[in-house]
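**Student:** Sequence:
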Amino acid sequence: MRRETERLILREFTAGDWEAVHRYASDPVVTSHMIWGPNTEADTRAFLESAIGMQQQAPRVDFELAVVLKENGELIGGSGLRSFDPRQGEIGYCFNRSHWRNGYASEAASELLRFGFEELGLHRIFATCRPDNLGSAAVMRKIGMTFEGHMRGHMFHKGKFHDSHQYSILEDEYFAGKKKGHSL
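Residues 1 to 184 (UniProt numbering) make up the sequence shown, in order.
These are calculated hints, taken from the structure and not from any lab test. Incorrect hints may appear among the rest.
Simulated pairs of lysine to aspartate or glutamate, EDC-like, Cα-Cα distance not exceeding 16 Å [stated by the list, open to error]: (1) 178 to 118; (2) 70 to 118; (3) 158 to 43; (4) 178 to 85; (5) 70 to 12; (6) 70 to 4; (7) 142 to 173; (8) 178 to 90; (9) 142 to 107; (10) 70 to 6; (11) 179 to 118.
Distance windows between CB atoms, simulated [claimed, not checked]: (12) 16 to 98: 18 to 24 Å; (13) 151 to 36: 30 to 36 Å; (14) 162 to 12: 27 to 33 Å; (15) 172 to 6: 22 to 28 Å.
For every residue, glycine included, the Cβ atom is placed at its ideal position computed from N, Cα and C.
Can you build the whole structure from these sequences, using the hints too?
**Tutor:** Okay, structure coming up:
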């Protein structure tokens with residue numbers, strides 16, 4: 001699977017992506033808001049093995065994609081979509097912090113919305129972030145998602161319970177935004 005946006009290529013991960021993925025996945029600043037990490041080398045290799053294994057699903061329901069700059073082929077992060085019944089999906093993204101605040105997460109996430117609604121026929125796509133992850137919340141709002149609520153203490157990782165903010169967008173909202181000329 002390969003998708004292109006104005007500045008990005010979203011493509012399947014390969015074993016050769018290990019070093020680029022490990023650069024951001026082992027960074028404590030990048031992973032401070034994630035439920036995983038900072039990764040050890042073994043963690044990153046296991047992630048890539050899992051992402052490559054997803055490529056063999058039939059029917060495919062999990063899409064973990066490398067995000068690469070068109071201009072130079074540099075792998076700058078990852079973005080994913082998990083679909084499940086009834087016609088629901090969840091997106092996520094993680095980027096090397098040297099590429100934060102350039103609109104890449106919004107661009108990649110917008111493409112995942114397009115893929116989910118226009119190709120997979122999903123009805124609802126949601127995403128979550130930790131309440132203090134203001135950058136991720138801004139991405140979700142920018143791509144047209146609506147804040148649904150604050151989930152308290154619903155996740156246990158890194159030795160403690162964590163809260164999350166949940167955002168979503170429905171298919172009719174997505175297509176209404178496209179009709180109005182929004183780039184979502």
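**Student:** Each hint needs a verdict: does it hold in this structure or not?
**Tutor:** So, going through the hints one by one against the coordinates:
1. 178 to 118: holds (11 Å)
2. 70 to 118: violated (23 Å)
3. 158 to 43: Between residue 158 and residue 43 the Cα gap is close to 15 Å, so the pair holds against 16 Å.
4. 178 to 85: violated (25 Å)
5. 70 to 12: Since the Cα atoms of residue 70 and residue 12 sit roughly 15 Å apart, the hinted pair holds (cutoff 16 Å).
6. 70 to 4: Measuring from Cα to Cα gives roughly 8 Å; hence the hint holds.
7. 142 to 173: holds (13 Å)
8. 178 to 90: violated (20 Å)
9. 142 to 107: Given pair residue 142, residue 107 holds - Cα atoms ~10 Å apart, limit 16 Å.
10. 70 to 6: holds (8 Å)
11. 179 to 118: holds (14 Å)
12. 16 to 98: 18 to 24 Å: holds (20 Å)
13. 151 to 36: 30 to 36 Å: violated (18 Å)
14. 162 to 12: 27 to 33 Å: Hint holds: Cβ distance 30 Å, inside 27 to 33 Å.
15. 172 to 6: 22 to 28 Å: Distance hint for residue 172, residue 6 holds at roughly 26 Å.
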